[in-house]
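Take a look at the letters that make up each chain.
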Amino acid sequence: SQQGEEDPQALSIQEGENATMNCSYKTSINNLQWYRQNSGRGLVHLILIRSNEREKHSGRLRVTLDTSKKSSSLLITASRAADTASYFCATDAAGSGNTGKLIFGQGTTLQVKP
Amino acid sequence: DVKVTQSSRYLVKRTGEKVFLECVQDMDHENMFWYRQDPGLGLRLIYFSYDVKMKEKGDIPEGYSVSREKKERFSLILESASTNQTSMYLCASSLKSGRQYFGPGTRLTVT
Chain V
-19 SQQGEEDPQA LSIQEGENAT MNCSYKTSIN NLQWYRQNSG RGLVHLILIR
31 SNEREKHSGR LRVTLDTSKK SSSLLITASR AADTASYFCA TDAAGSGNTG
81 KLIFGQGTTL QVKP
Chain U
988 DVKVTQSSRY LVKRTGEKVF LECVQDMDHE NMFWYRQDPG LGLRLIYFSY
1038 DVKMKEKGDI PEGYSVSREK KERFSLILES ASTNQTSMYL CASSLKSGRQ
1088 YFGPGTRLTV T
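Listed in order, the protein sequences are those of chains V and U.
Taking our numbering, I'd label the letters of the first sequence as residues -19 to 94.
Taking our numbering, I'd label the letters of the second sequence as residues 988 to 1098.
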């Protein structure tokens, strides 16, 4: 079952610009997480936002969560070529207990041109 | 530093072979997960385990089985590999809930 839908599927920007990626989901959640994946590698956790939070920052990353719209956005400010990667949102659905089970979106591929 | 390791980065097997993918974590995590990742399909959960010897099916368990005899080790087994199981396989672990820590992935090719 696919919970998260990400938009856009692909994004190409110049170094220094901001990149915004969006994620929509279907069911109530405990938290929503964002991960990054460099080509051919495992995923790396970026940030977790709980269902009672609306905004969270980590360095150049800003995540917002709107539970009424069941959507989240990830903003990367002042992008760098090293930010080139795929970005995935993942939801921890309410009622999943302590299994830690996440449902991943299909991802946004970001290319940052030097 | 936390670590999840997978037994192979690249693996080539023949149709019908039995394939074992091993995953080891050193963080004393209760939960462990196996995903496969295919272009355009994102990550799909195959199986997960929330305790030793406990396992639950994910979204696509057909053709796979798992084993968790020790807390730190979670094995994915392809009983009889088929070409449609050619994919990137990712293992992850987590505490009861929260962020998952991923291994580097195993790219399996079945010919």
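Keep in mind the hints are simulated off the structure, nothing from the lab.
Be aware that one or more of the hints could be misleading.
List time: in silico DSSO-like cross-link candidates among lysine-lysine, alpha-carbon distance up to 27 Å [claimed, not checked]:
1) Lys1042/U to Lys36/V
2) Lys6/V to Lys1083/U
3) Lys50/V to Lys1040/U
If you only want the chain V side, here are some residues facing chain U, beta carbon under 7 Å, derived [said to hold, decoys possible]:
4) Asn18
5) His25
6) Arg30
7) Gly80
These numbers were taken from a predicted model, which means no experiment stands behind them.
Every residue, glycine too, gets a C-beta built ideally from N, C-alpha and C.
Would you check the hint for lysine 6/V and lysine 1083/U, treating anything up to 27 Å between C-alpha atoms as holding?
With Cα atoms ~23 Å apart, lysine 6/V and lysine 1083/U stay inside 27 Å; holds.
For a C-alpha distance cap of 27 Å, please report whether lysine 50/V and lysine 1040/U respect it.
violated (35 Å)
Supplied contact hint for arginine 30/V, tested at 7 Å Cβ to chain U
Because about 10 Å separates arginine 30/V from the closest Cβ in chain U, which is outside the 7 Å limit, the hint is violated.
Classify the hint on glycine 80/V as holds or violated, based on whether any CB of chain U lies nearer than 7 Å to its CB.
OK, holds: glycine 80/V within 7 Å of chain U, min 4 Å.
Status of the histidine 25/V interface restraint (C-beta, 7 Å, chain U):
holds (4 Å)
Between the alpha carbons of lysine 1042/U and lysine 36/V, is the straight-line distance 27 Å or under?
Given pair lysine 1042/U, lysine 36/V is violated - Cα atoms ~34 Å apart, limit 27 Å.
Would the stated hint for asparagine 18/V survive a check requiring a Cβ distance to chain U of less than 7 Å?
Result: violated, 10 Å to nearest chain U Cβ.
Comparing the model with each earlier hint shows violations of hints 1, 3, 4, 6; every other hint is respected.
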